[in-house]
Amino acid sequence: MTMNIKKILAAGVLALGAIGLMAGCGGDQKSAGSAAKSAAAGAKPTKIVAGMDDTFAPMGFRDDSGKIVGFDIDMANAVSKEIGVPIEFKPIDWASKETELNSGKIDAIWNGFTMTPERQKKLGFTKPYMDNTQVYVVLADSPIKTQAELKGKKLDIQEASTAEAALNKDPALKNSFSEVKAYPDLASCFMDLESGRCDAILADSVLIEYYMTKKPGTFRELDGVVSKDTFAIGVKKDNQALIDLLNEGIEKVKASGEAAKISEKWFGKDVILK
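Position one of the sequence shown corresponds to residue -6 (this note's numbering), numbered consecutively onward.
Among the hints, erroneous ones may be present.
Below, computed lysine-lysine pairings styled on BS3-like, alpha-carbon distance capped at 27 angstroms [as the list claims (entries may be wrong)]: (1) 74 to 120; (2) 254 to 40; (3) 138 to 208; (4) 146 to 74; (5) 247 to 147; (6) 221 to 247.
Quick list of simulated restraints, FRET-style, between CB atoms [what the hints assert, rightly or not]: (7) 249 to 205: 43 to 53 angstroms; (8) 233 to 190: 38 to 48 angstroms; (9) 237 to 95: 16 to 26 angstroms.
These are calculated hints, taken from the structure and not from any lab test.
It should be emphasised that the depicted structure is a prediction, and the values quoted were computed from it without experimental measurement.
The beta-carbon is built from N, C-alpha and C at its ideal position, and this holds for glycine as well.
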């Protein structure tokens, strides 16, 4: 066997191995939307492509090696085993998540995705699997002690987030701040807070609490919540077959106790909805 033939065969083996990956960045757009096509044909999909924000720790983010990890990633892998369908994570522009879904580039939005009444009018959702709240965080040594003391202060939020939606629904609250800045990712908000460019951040409590564990003594969460919500998986409005399949997988992962183990790993406690 010549060296060239060996190289060709080796490349073929690598290519076949790559097909088996269940979670990874990017992905072939031509293969995306397979779940929607299979659902239309009444068959189980060959793959589910889930769109995610790869900066949304601890739900889904890149570790120091660049690998996509997180609570939702582990949950998806567990669900994948139960339903027998590979789930591939594809990093997307979070502000364009609904466009990505409706265009068929992804089959689902799965990454700390809040199920709101507004979104339910346009999208289909699985059963919620986790509670969440919107809370404020300030620096640990900030003179701000209550939400009332945020009046006239500078606030940071993430673009296209539930926090932004909560502010837009309450103009009086939004206008009580001297400035509201929206960034594509929450990491930029925390950079602002630590450098003094903003006074507070409004975001998901699961994110806030995760950041606080990474830098003990640096941040402080204010008492009270701005809104309460739940996380679920979003799909196209009419894709009931995919909703049923994902619900089946989630229920099995809950029943086996695996969901509770994954929750303990990322949050130090069981936060899974029963």
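Tested hints:
1. With a CA separation close to 19 angstroms, the supplied pair residue 74 and residue 120 stays within the 27 angstroms bound.
2. At roughly 25 angstroms between alpha-carbon atoms, residue 254 and residue 40 fall within 27 angstroms of each other, so this suggested pair holds.
3. A threshold of 27 angstroms between alpha carbons decides the hint, and for residue 138 with residue 208 the separation of about 20 angstroms falls inside it, so the pair holds.
4. Restraint check for residue 146 and residue 74: the C-alpha separation of about 48 angstroms exceeds 27 angstroms, so the hint is violated.
5. With a C-alpha separation of about 41 angstroms, the suggested pairing of residue 247 with residue 147 is violated against the 27 angstroms cut-off.
6. Taking the CA atoms of residue 221 and residue 247, the gap is near 23 angstroms; set against the 27 angstroms cutoff, the hint holds.
7. For the hinted restraint 43 to 53 angstroms between residue 249 and residue 205, the CB-CB distance of approximately 30 angstroms leaves it violated.
8. Our hint of 38 to 48 angstroms for residue 233 and residue 190 holds, since their Cβ atoms are close to 46 angstroms apart.
9. For the pair residue 237 and residue 95, the supplied restraint of 16 to 26 angstroms holds, since their beta-carbon distance comes to about 20 angstroms.
In summary, the structure is inconsistent with hints 4, 5 and 7 from the numbered list given earlier, while agreeing with the others.
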